[in-house]
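Enquirer: Position 92, counted from 1, in the sequence shown is what the working numbering calls 97; the numbers after and before it change by one each time, with no gaps.
Calculated directly from the structure, the hints in this document are not laboratory data.
Owing to the predicted nature of the structure, the values given are computational and were not obtained by experimental measurement.
Check before you lean on any hint, since a few could be wrong.
Calculated cross-link-like contacts (lysine-lysine; reagent style DSBU-like; alpha-carbon spacing at most 35 Å) [what the hints assert, rightly or not]:
1) K32 with K72
2) K175 with K32
3) K110 with K185
4) K175 with K185
5) K32 with K185
6) K175 with K110
7) K175 with K72
8) K110 with K72
9) K110 with K32
Estimated spans, in silico, between C-beta atoms of each pair [as the list claims (entries may be wrong)]:
10) E254 with V174: 19 to 29 Å
11) T31 with A89: 28 to 38 Å
12) T173 with R238: 33 to 43 Å
13) D102 with A136: 23 to 33 Å
14) T171 with R237: 34 to 44 Å
15) D122 with P186: 14 to 24 Å
Here a beta-carbon is modelled for each residue, glycine too, at the ideal position from N, C-alpha and C.
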Amino acid sequence: MTTDRRVLVHPDRDSLAGAVAARFITKIIDILDENDEAHVVLSGGSVNTAVLAAIRNSPAQNNVDWKRITFWWGDERFVEAGSADRNDLQAREALLDHVLVDPAKVHPFPSTDEIADLAEAAEAYAAELAAAAPDAALYPRFDIMFLGVGPDGHIASLFPGMSGVTETVKTVIAVRDSPKPPPLRLSLTLPVIRSADRIWLVMAGSDKASPLGLALAGASIEEVPAAGAEGRRRTVFFVDQDAAAEVPENLIAPSY
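All chains should be built: construct the whole structure from the sequences, respecting the hints.
Expert: Given below as structure tokens:
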């Protein structure tokens, strides 16, 4: 696993979203030039949703062959399909409904409309991952995984001090007592997250300064799950100036 972790700082939230969008378009075109398909994992949250909207609004997105991209999610709130709380609904409204994706390659987590039991929903998504995996693998090779980071350092729905952070057998877990509402959630586990070639953590705001600083300083994953987010090839923290307040100058990269 790579130790190439970079911090890229942008002046504010808007410039951050635009820069990540531009980087995504460039990188996904490169990936599709080298491969028949790409697998991308999306994240919820206002900043990551702003990135998706910036991708949609970029003229360069017309150069992306969207039908060759398979989309997954890192976590989801276990609510009804039409709920505004759902990450997949936010992603559809920001980007996916506006580009020519293949509907069969968009894989949202189950909603309560589809599967009433949380544990069964987790098993169903794990089976969906396995069905798309090569050979006997349990999940696809993810080219880019977007993650948000909470003020408490959580990623996906892996929260500090909860058993899901250290789960190593299951690929998808049922979260029943999330400290952040709603309490019922579904989440990829850390081994699946760390299997991604590239992990892009997008963070904005002064309340993200502490978890970012702790993650870079090597905090335990039990205390700061974001510290465990390391991609196979590259891990990049895309942050705004406020979130970078506690990052040592020598850790800030001049470019991607």
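Enquirer: Check each numbered hint from earlier against the structure, then list the numbers of those it violates in ascending order.
Expert: The structure conflicts with hints 10, 12 and 14, although it agrees with all the remaining ones.
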